[in-house]
Amino acid sequence: DTAVSQTPKYLVTQMGNDKSIKCEQNLGHDTMYWYKQDSKKFLKIMFSYNNKELIINETVPNRFSPKSPDKAHLNLHINSLELGDSAVYFCASTPSGGAGETQYFGPGTRLLVL
Amino acid sequence: AQSVTQLGSHVSVSEGALVLLRCNYSSSVPPYLFWYVQYPNQGLQLLLKYTSAATLVKGINGFEAEFKKSETSFHLTKPSAHMSDAAEYFCAVRAGYGNKLVFGAGTILRVKS
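So the protein sequences, as listed, match chains A and B. Numbering follows the working numbering, in which position 66 of the first sequence is assigned residue number 66; successive positions increment by one, without gaps. Numbering follows the working numbering, in which position 56 of the second sequence is assigned residue number 56; successive positions increment by one, without gaps.
Quick caveat, the hints were computed from the structure, so don't treat them as lab data. Fair warning: this is a prediction, and the values are worked out from it, not measured in the lab. Even glycine gets a Cβ: it sits at the ideal position worked out from N, Cα and C. Hints should not be assumed to be uniformly reliable.
Stated by the list, open to error - For each label pair, taking beta carbons as the anchor points, the in silico distance ranges come out as: (1) A/40 x B/113: 22 to 32 Å; (2) A/18 x B/7: 34 to 44 Å; (3) B/45 x A/96: 40 to 50 Å; (4) B/28 x A/57: 14 to 24 Å.
Said to hold, decoys possible - Cut-off 25 Å, straight-line C-alpha distance, at most; resulting in silico cross-link-like pairs (DMTMM-like, lysine to aspartate or glutamate): (5) B/69 x A/70; (6) A/41 x B/88; (7) A/44 x B/15; (8) A/9 x B/64; (9) A/36 x B/88; (10) A/41 x B/85; (11) B/68 x A/101; (12) A/52 x B/66.
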């Protein structure tokens, strides 16, 4: 009964490839996020969707494109992968995006670009 | 803009000793503050949060934190460390439109037997 799940858990790929990471939450939440954790464990917001609408789009290369087919799913597609994209990508969700609400994190997708 | 600073990238304590992990925030509006824990190769789990109710917040696993506006601090404490507390701890503040979390750099807690 995983609340926030991500697939795949590990992803090893070559530079220049295109890959997707999927996130699903079964909590009935309206708001979902993508965060990137770099090799120094620093966590930074990338995107957020509320009810399938993009509400946060940080300074991220346009090779990264999020897609939310419905409010339970938020996917991340990455084109032309670069070495610097190697990181752990976390999905999170929260009921409605309110300021005091807890964000529930998925287990992460560990991406290694060779 | 809201931000947090965690003092000490590594903290080492003996089992049974007091745990103190420091977090200072900067915010132009009343802050919402969070502590998360990350065990190796896992996601982040909420320990506790401050949402402008009680200034002393109790969380899971015996942790608590006190919000001190005068010191702009939200330090995390636990009276007696356990080996299972060894992990990385992140302080975060809610920030801006969309209520993203802005995280500190993290503090790795090591517990010695």
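These are the hints, each one checked on the structure:
1. Look at residue 40 of chain A against residue 113 of chain B: about 28 Å separates their beta carbons, and that is inside 22 to 32 Å.
2. Under the hint 34 to 44 Å, the C-beta atoms of residue 18 of chain A and residue 7 of chain B, about 41 Å apart, fit the expected range.
3. Restraint check, residue 45 of chain B to residue 96 of chain A: a C-beta distance of roughly 21 Å breaks the suggested window 40 to 50 Å.
4. For the pair residue 28 of chain B and residue 57 of chain A, the supplied restraint of 14 to 24 Å holds, since their beta-carbon distance comes to about 22 Å.
5. Taking the CA atoms of residue 69 of chain B and residue 70 of chain A, the gap is about 40 Å. The hint is violated against a cut of 25 Å.
6. Among the hinted pairs, residue 41 of chain A with residue 88 of chain B is consistent with the structure: their alpha-carbon atoms are about 9 Å apart, no more than 25 Å.
7. A distance of roughly 32 Å separates the Cα atoms of residue 44 of chain A and residue 15 of chain B; the hinted pair therefore is violated under the 25 Å criterion.
8. Of the pairs offered as hints, the one joining residue 9 of chain A and residue 64 of chain B is violated, with about 32 Å between alpha carbons and a cut-off of 25 Å exceeded.
9. About 16 Å separates the Cα atoms of residue 36 of chain A and residue 88 of chain B, which keeps this hinted pair within 25 Å; it holds.
10. Distance restraint check for residue 41 of chain A and residue 85 of chain B: the Cα-Cα separation of roughly 18 Å lies within the 25 Å cut-off, and the hinted pair is therefore satisfied.
11. Restraint check: the Cα-Cα separation between residue 68 of chain B and residue 101 of chain A comes to about 21 Å, which is no more than 25 Å; the hinted pair holds.
12. Distance restraint check for residue 52 of chain A and residue 66 of chain B: the Cα-Cα separation of roughly 36 Å exceeds the 25 Å cut-off, and the hinted pair is therefore not satisfied.
Of the numbered hints stated above, those contradicted by the structure are hints 3, 5, 7, 8, 12, listed in ascending order.
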